[in-house]
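**Student:** Now for the letters of each chain:
Protein chains: 4
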Amino acid sequence: MTDLKKIVLAYSGGLDTSIILKWLQNTYGAEVVTFTADLGQGEELEPARKKAEMLGCKEIYVEDLRETFVKDYVFPMMRANALYEGVYLLGTSIARPLIAKRQIEIAHETGADAVCHGATGKGNDQVRFELGYAALDPKIKVIAPWRDWEFKSRTDLIEFARLNQIPVTKDKEGEAPFSVDANLLHSSSEGKVLEDPAVAPPSIVYQRTISPMDAPDKATEISIDFKEGDGVALNGEAMSPATLLTALNKLGHDNGIGRLDLVENRFVGMKSRGVYETPGGTIYHVAHRAMESLTLDRGAAHLKDELMPRYAELIYNGFWFSPERQMLQAAIDQSQKDVEGRVTLTLYKGNVIVSGRSSPKSLYQEKIVTFEDDAGAYDQKDAAGFIRLNGLRLRILADRDK
Amino acid sequence: MTDLKKIVLAYSGGLDTSIILKWLQNTYGAEVVTFTADLGQGEELEPARKKAEMLGCKEIYVEDLRETFVKDYVFPMMRANALYEGVYLLGTSIARPLIAKRQIEIAHETGADAVCHGATGKGNDQVRFELGYAALDPKIKVIAPWRDWEFKSRTDLIEFARLNQIPVTKDKEGEAPFSVDANLLHSSSEGKVLEDPAVAPPSIVYQRTISPMDAPDKATEISIDFKEGDGVALNGEAMSPATLLTALNKLGHDNGIGRLDLVENRFVGMKSRGVYETPGGTIYHVAHRAMESLTLDRGAAHLKDELMPRYAELIYNGFWFSPERQMLQAAIDQSQKDVEGRVTLTLYKGNVIVSGRSSPKSLYQEKIVTFEDDAGAYDQKDAAGFIRLNGLRLRILADRDK
Amino acid sequence: MTDLKKIVLAYSGGLDTSIILKWLQNTYGAEVVTFTADLGQGEELEPARKKAEMLGCKEIYVEDLRETFVKDYVFPMMRANALYEGVYLLGTSIARPLIAKRQIEIAHETGADAVCHGATGKGNDQVRFELGYAALDPKIKVIAPWRDWEFKSRTDLIEFARLNQIPVTKDKEGEAPFSVDANLLHSSSEGKVLEDPAVAPPSIVYQRTISPMDAPDKATEISIDFKEGDGVALNGEAMSPATLLTALNKLGHDNGIGRLDLVENRFVGMKSRGVYETPGGTIYHVAHRAMESLTLDRGAAHLKDELMPRYAELIYNGFWFSPERQMLQAAIDQSQKDVEGRVTLTLYKGNVIVSGRSSPKSLYQEKIVTFEDDAGAYDQKDAAGFIRLNGLRLRILADRDK
Amino acid sequence: MTDLKKIVLAYSGGLDTSIILKWLQNTYGAEVVTFTADLGQGEELEPARKKAEMLGCKEIYVEDLRETFVKDYVFPMMRANALYEGVYLLGTSIARPLIAKRQIEIAHETGADAVCHGATGKGNDQVRFELGYAALDPKIKVIAPWRDWEFKSRTDLIEFARLNQIPVTKDKEGEAPFSVDANLLHSSSEGKVLEDPAVAPPSIVYQRTISPMDAPDKATEISIDFKEGDGVALNGEAMSPATLLTALNKLGHDNGIGRLDLVENRFVGMKSRGVYETPGGTIYHVAHRAMESLTLDRGAAHLKDELMPRYAELIYNGFWFSPERQMLQAAIDQSQKDVEGRVTLTLYKGNVIVSGRSSPKSLYQEKIVTFEDDAGAYDQKDAAGFIRLNGLRLRILADRDK
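Chains as they are written, first to last, in the UniProt record's numbering: chain A, 1 to 402; chain B, 1 to 402; chain C, 1 to 402; chain D, 1 to 402.
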């Protein structure tokens, strides 16, 4: 066993990370520094502080990172219109780098020599945490208890908890019917009752949205304002990034928006089935694309579309802090300075409908595109030459292949 | 003026192409062969034959191409999950190559030396028609009256029609409030009342769908079966391609599915605003992706996603018959042989919700992904090495950059 | 004829652009401002000034742009390792945007309302000039005499010159046996004696290099130092960009380096055959790649390789000033800050052989890669897990396809 | 220890794989089936058979796979003009899938339950072998002795050999000064004396080529004929794939062609330095590109260039049998049917100079490209419209950004 003095643990305050906390103390005889972040998961943080104290921790970090999360992670990603496998808005993936970064910073502040996360050995999150650690501190020791410890079942864990005076509430004794991750961008549910992809999810898994069927039979009109590619106001009212996303989450929730049931390909090589809810993110994504449609040049827009799948894959696979993600981000950010203006949307029973876009930076020119007299803004005769030269290579080819 | 003997005209039977017909006769003193195709636009074809006869045509082609259209154009495109600029299902674009191909074949059958289309000089369709002609017959003469003729206004056209005994119904005297294109995959509306992208489309433009708000407050469950990447059955009933798409159009129509209001970038260099309705295509697109999510390997799926924007751009720009589109098609088709199984969907007021997928070719293995005991199907210790070597370059980099 | 008052002409001082100058004066009755730049083409500039004066010009711009050319155009392009169609170093393409930019700036300084270039209607240069003009001044009038004027043959031109007191030297009376473009990066030759791609170029076309066969039978060892991705010193001696490229040109010339005979695809749709000489650029390109091989992370390097063909195509096609080229440049530049160190090269009869690379920013770690004992720097057992998870999807696939 | 009955070993007959053979027998008590292939590495195979017999093997496979290797692996890869990291012709990478495939086939023929290779735990070859195994038989047990066994040094291995009656020749007692892999496409050298990338390789590492300096001061003219993208004749004489490559290797060797000294990025995450010699492959690569330059449409050629880095990376990383490599191959092969004709080359002291290309399928049309009168084959006026519409979006952008 490596000789460790201090370990920074990503700590939720829940039963599982409390067991990890104790196991670290027992196994390594090391001091454990807990780090609990509010990323908008919707849970109280103070209980986590109390529990860490109770478990004997002296250095306890509890932080509200919601604004950082949205400003420096969610919004930059949204500039790319990132979708993994065509549909997934990357809600879990994008939170991991921030947690990894703060853990490493706290390790440096506290002189810790190791970091620890509570992700399992089958999922993507272990990769995302550990690639983040690797990129930010190449020497730090990494502990992944779920891959390493001796426990074989839920029963073993509960027994360990009891033996170590960790309180176990009744409902935690058995296995949860599915596993949940949540932050300000989304909530994900996986496992157990969701493991047959032929069967629709039970309604119990949904936490952030009501069903489209249950949403009011009434359209809600909203507007989002953008500046330099980021959302800055809702219905004309200026808002900070996290405030805006929180408000959109409420709107999305109420209108049954942002549910996704999918089978996806994990980086570790298997397919899994997940149910995601991204109410505000779904609205924001649609609005951002609509804003770009008016203000982004075609060359920039199409290049972005071609780069996007790679960019999304990098985030999904945990390479947020890689040079290639940073290169793609540089390209994307370069395109966003004039993505500015207002998008109006109709929200209705699961639908996000663009109803208008306007911008001081619009590239749409009615005087050119009009079916009416354009006063010479566009010479239709140009099209003949344009087509003939675009077709020249095809004619030469056809001529050969005759 | 070039000396032409016979011209094959893409003829709808409407006022505009009738004016073109007469103008070709007058201008070139040439015989005009009309070609009228049923691509599912929802109009009677026999009136076009009668009108062509009345205008003195001797060779008149009227053809039902719906099955060919769906089988050889729509379905191959759908295998790619093609979306132009992230959202547009390419309903107009994909019809043009088939029309161009038949025109050229008819030109060869009838010994014609020219082909003619009725697309304007500002749009994409002129490019799509003429690149198709170029690729299929490098020597054929191409006539695009809207770019060439002397008429300056609607009034000029109506006067020409009157002078030439072309019947003009009352409602055609003025300009239409917007311009429409339709086929079995979609209906598009552009121009006039739609020219301000800040203003939502008037409900009058919608032709193929009712509004989500007007759709019944009741979910409709359906299933689509796929084989080798193509839809083969609806609700367990085997159907030909066009029959399947027709049935999906009805379902989409009734449930308010497939409306799209967007600003897009035309190949000729301007932005335009269009309203598209693709009821059945929207359902089919969602179903196809869901089928792939279960049966396609990650490497294949991600490569497809990366190639898709280019593929969609090629179709949008009119390069269906280009070698590069054929290369991409070869790659895409190579991936589809095991895209087989059943997708169940819930249709509800504009929503297309995947509720299940199953397949004899499924790559989803519950025994590997399960949160439960997997009996050794996956060794979590492997993840440690996997992550360490994926992170090795990042650690070396971090080590340098310290 | 448009009413023009002042035209900025890209003027070489040669016979052809002198004819253009006069033709502009005659045709438009406009004042002509000449712009003659030293981009390293190896010609005296003062005669151009004299000739312009003689032809009645009052505003005459003669500028040495060699440093700007290399620093702001050649080096940024070289950061991308740009090769068009796998082999061409884009020597002509990269000079056009700078000329276009200065023409537009001069137009603004002098209040001119038009710009004019001397490129023909079949080539790429007309596109590069005019897309540059379009991106920098959307309203400026563009004149391309070779596409517009009435002259049909060399004889017509010579006659026009004689009638207008433009001196015609004996050797310019007939057509040149091939056409040449040159700047500090390269020299290109096209046309006439080169038009049969089955026949090797006559030795007369080569202007910048001796043949490998004629080069000394003796190796020359050199070193190039890089900093932030750009060359900064030769053989340890710090040099400005243009000085460095000039010195490399001499070395390349003397050692028979940088000849290229190719068939390429022009943007206007045809294939052409060109002979290019890029002596210094070829050496620099090899050195830059070698420097990157030591200092660039794999993720960055591979992304650059994937983006490169598109980047090169954009430059070749004339889209230097487009948003998408700027996006790609942002990505590329982001990767270059640690491309620093020394590359040693052996030059010998056409060969550029990398003989060593070293860097304070090296990512090569002998202690990891060594066949010898690595003291635990790399755990070979990690590879087992790495491979098993990389192969997991392939095993699942094989399992299905049995 | 897993219970194994029969293991198929990739056996060279050398000391190291003989030690492995014995170690497998001792460790697993299993029967070992040896597989020794002639891939053109230039060694006698019969000694391997004798040695396997002597070591007690009963099932011994010795096969000449040179034609299969070139026809089904090298040539398909060359159709893509594949270069890893811009320069490496993938000579080692491309041989591994074939060996893996034959091992699995032999395992099935002989009823073996495991396969074994002799690659180390730091390199790419272990990945290539094992991903091949995974894709071809998901259940087969894989043994990688270099990662698993207890030996810590060369001395341990030699002692094991002595104890087990494996003959050890004098020169094998110590460590080799570098490690070599060879086949008909190339020879690679790595490690030990090559581990400092700042120092040029000693001449002793080169095995397949003489130095350009030592090559005759005399040009050699050759021609290669292609059909459907593959080489079919040398100097007009029809040859099988392996015969052609063998002949080109001789020509390359004699003219000092195909040496490469590089730092590359391994899939397992580290940089390594290698020296490669690919004499015939280098000539073939240049010739294939030249043949394509004449016969391949621009759209196809540029798409190939964009796909190539990914394709090369897949082969380098060992994903030959992956769906995505097969998709890319389908796209590439689709493009090759008219890559046909003759390329003439001048070989001279390390240089491969294209001196001509001709083809019945040429797309080069002198009558269009000519500087002379083209009799109307190309209308220069078309270029004006072509440029104006290509520039339209740039003008709109400039107009906005004013």
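Hints are computed from structural coordinates only; laboratory data are not their basis. As the structure is a prediction and not an experimental result, all values here were calculated from the model. Certain hints may be false.
Where chains are identical, the list cannot tell them apart; a pair therefore holds if satisfied intra-copy or between any two copies.
With a Cα cut of at most 25 Å, we get these calculated DSS-like pairs of lysine-lysine [claimed, not checked]:
{"#": "1", "residue 1": "Lys250", "residue 2": "Lys402"}
{"#": "2", "residue 1": "Lys402", "residue 2": "Lys192"}
{"#": "3", "residue 1": "Lys101", "residue 2": "Lys71"}
{"#": "4", "residue 1": "Lys172", "residue 2": "Lys139"}
{"#": "5", "residue 1": "Lys337", "residue 2": "Lys192"}
{"#": "6", "residue 1": "Lys71", "residue 2": "Lys218"}
{"#": "7", "residue 1": "Lys5", "residue 2": "Lys402"}
{"#": "8", "residue 1": "Lys192", "residue 2": "Lys381"}
{"#": "9", "residue 1": "Lys402", "residue 2": "Lys337"}
{"#": "10", "residue 1": "Lys170", "residue 2": "Lys381"}
{"#": "11", "residue 1": "Lys170", "residue 2": "Lys152"}
**Student:** Work down the list of hints and note, for each, if the structure agrees.
**Tutor:** Hints and how they fare:
For the homomeric pair Lys250 and Lys402, neither the shortest alpha-carbon distance inside one copy (63 Å) nor that between copies (40 Å) is at most 25 Å. Taking CA atoms no more than 25 Å apart as the test, Lys402 paired with Lys192 passes in neither setting, with 61 Å inside one copy and 28 Å between copies. Proximity of Lys101 and Lys71 under a CA criterion of 25 Å is satisfied intra-copy only: 15 Å inside one chain copy versus 37 Å between copies. Neither within a single protomer nor between protomers do Lys172 and Lys139 lie at most 25 Å apart by alpha-carbon distance, with minima of 36 Å and 38 Å respectively.
In the homo-oligomer, the alpha carbons of Lys337 and Lys192 never lie at most 25 Å apart, since the shortest distance is 45 Å inside one protomer and 31 Å across protomers. Within a single copy, Lys71 and Lys218 get their C-alpha atoms no closer than 32 Å, and across copies no closer than 40 Å, so neither meets the 25 Å cut-off. Taking CA atoms no more than 25 Å apart as the test, Lys5 paired with Lys402 passes between copies only; the shortest distance there is 23 Å, against 78 Å inside one copy. In this homomeric assembly, Lys192 and Lys381 come within 25 Å of each other (Cα to Cα) only across copies, at 22 Å, whereas the closest approach inside a single copy is 64 Å.
Within a single copy, Lys402 and Lys337 get their C-alpha atoms only as close as 50 Å, which misses the 25 Å cut-off; across copies the closest is 15 Å, which meets it. Neither within a single protomer nor between protomers do Lys170 and Lys381 lie at most 25 Å apart by alpha-carbon distance, with minima of 78 Å and 31 Å respectively. Taking identical chains as interchangeable, the C-alpha atoms of Lys170 and Lys152 lie at most 25 Å apart only when both belong to the same chain, with a minimum of 21 Å there against 53 Å between chains.
Checked against the numbered hints above, the structure violates hints 1, 2, 4, 5, 6 and 10; every other hint is satisfied.
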